[in-house]
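Asker: Here is what each chain is made of, one letter per residue.
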Amino acid sequence: MVKQLCYEDVEVGTEVTPLAKIAMTRMLVQWAGASGDFNPLHYEDDFAKAMGVGAPIVHGALKRAWLGHLMTDWVGEQGVLKKLACQYRGMDYPRKMKTMEEPHDGETWWCKGKVTKKYGEGGEHLVECEIWVENGKGEKTTPGAALVALPSRGKK
Amino acid sequence: MAEGSIITEELRKLMGVPGEPIVFKVEEGAIQRYAQAIGDPNPLFNDIENAGKNKYGRLICPPGFTGWPVKGGISVFKLVDSLVKAGAPPRLLDGGVEFEFFEPIGAGDMLTATTKIANITERETRMGKTMFTTVETTFVNQKKKVALKSRSTLIQF
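So the sequences go chain by chain: A and F.
The first sequence begins at 1 in this note's numbering and counts up one residue at a time.
The second sequence begins at 1001 in this note's numbering and counts up one residue at a time.
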């Protein structure tokens, strides 16, 4: 485990530690099972075409879950995620599989963020962040925001 | 009804009416499978053996575990069905979500989720006439405390 992040460690503009993700068809199947979203939009070519998105797309909720991962990693065990929001603006298309476990070469997605505000309220040390998932071209397909409470070195 | 509106009277009637509450138990195996599907190795979500020693005293759900489409049984498709039956366009995309977390949610919790359609709007987009439905879900835990609120946007065209 990494060192616990504290309120005093961040300022407006501080970067949330980036997190890399690779969407692949295998991950989409695994996500479907784990989340209970069996919409064929995410695994059937003809259906995805009929829905107007061209080919099966990455679940918006999976990208949201990635952003959750980004934030819970960053705030550590003593931090608390209070709000998480995102919008599914751009379509993302998973890499196809080369082997049972490994995808073909291709796009890597990055979950990123930066601090936009920090303040104390109701005895809590709160930090607001702008967060997003960006695709291999650097486009923010999933912009969002998060609010976290961090521990403070000033008081236990 | 506005000229050419795709929001039918039947759709308007669905607004604000809470659905049947759905009760479900949070299972630790389901939490673990969810964390694995995301590729999140955080011990808080994965380490069943040592979960009792963490600050929550049990395996904890990653944020959004109970989200949209909802883990644990709220049928999104049932809701979409009711919208389509009331005249909504059949093609569906998930527009986004906002979560507000109030209480930790973890293994063994018994949650009651109530969903309602908060609002329906429409506008012209590159997909043509497009309907935006805001769906609000409140999750109450076994201690009768609100654990989570979510607001999701459905896009139909």
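Bear in mind the hints are in silico, worked out from the structure with no lab data behind them.
Here the structure is a predicted model, which is why all the values come from computation and not from measurement.
C-beta atoms are modelled at their ideal positions from N, C-alpha and C, and glycine is treated no differently.
There could be a bad hint or two in this list.
[Claimed, not checked] In silico contact screen, one side only, chain F against chain A (beta carbon under 7 Å); selected entries:
1. Pro1062
2. Asp1094
3. Glu1098
4. Glu1100
5. Phe1101
Asker: Look at each hint and say if it fits the structure.
Answerer: How the hints compare with the structure:
1. Pro1062: holds (5 Å)
2. Asp1094: holds (4 Å)
3. Glu1098: holds (4 Å)
4. Glu1100: holds (5 Å)
5. Phe1101: At 6 Å from the nearest chain A Cβ, phenylalanine 1101 (chain F) passes the 7 Å test, so the hint holds.
Hint violations for this structure: none, all hints satisfied.
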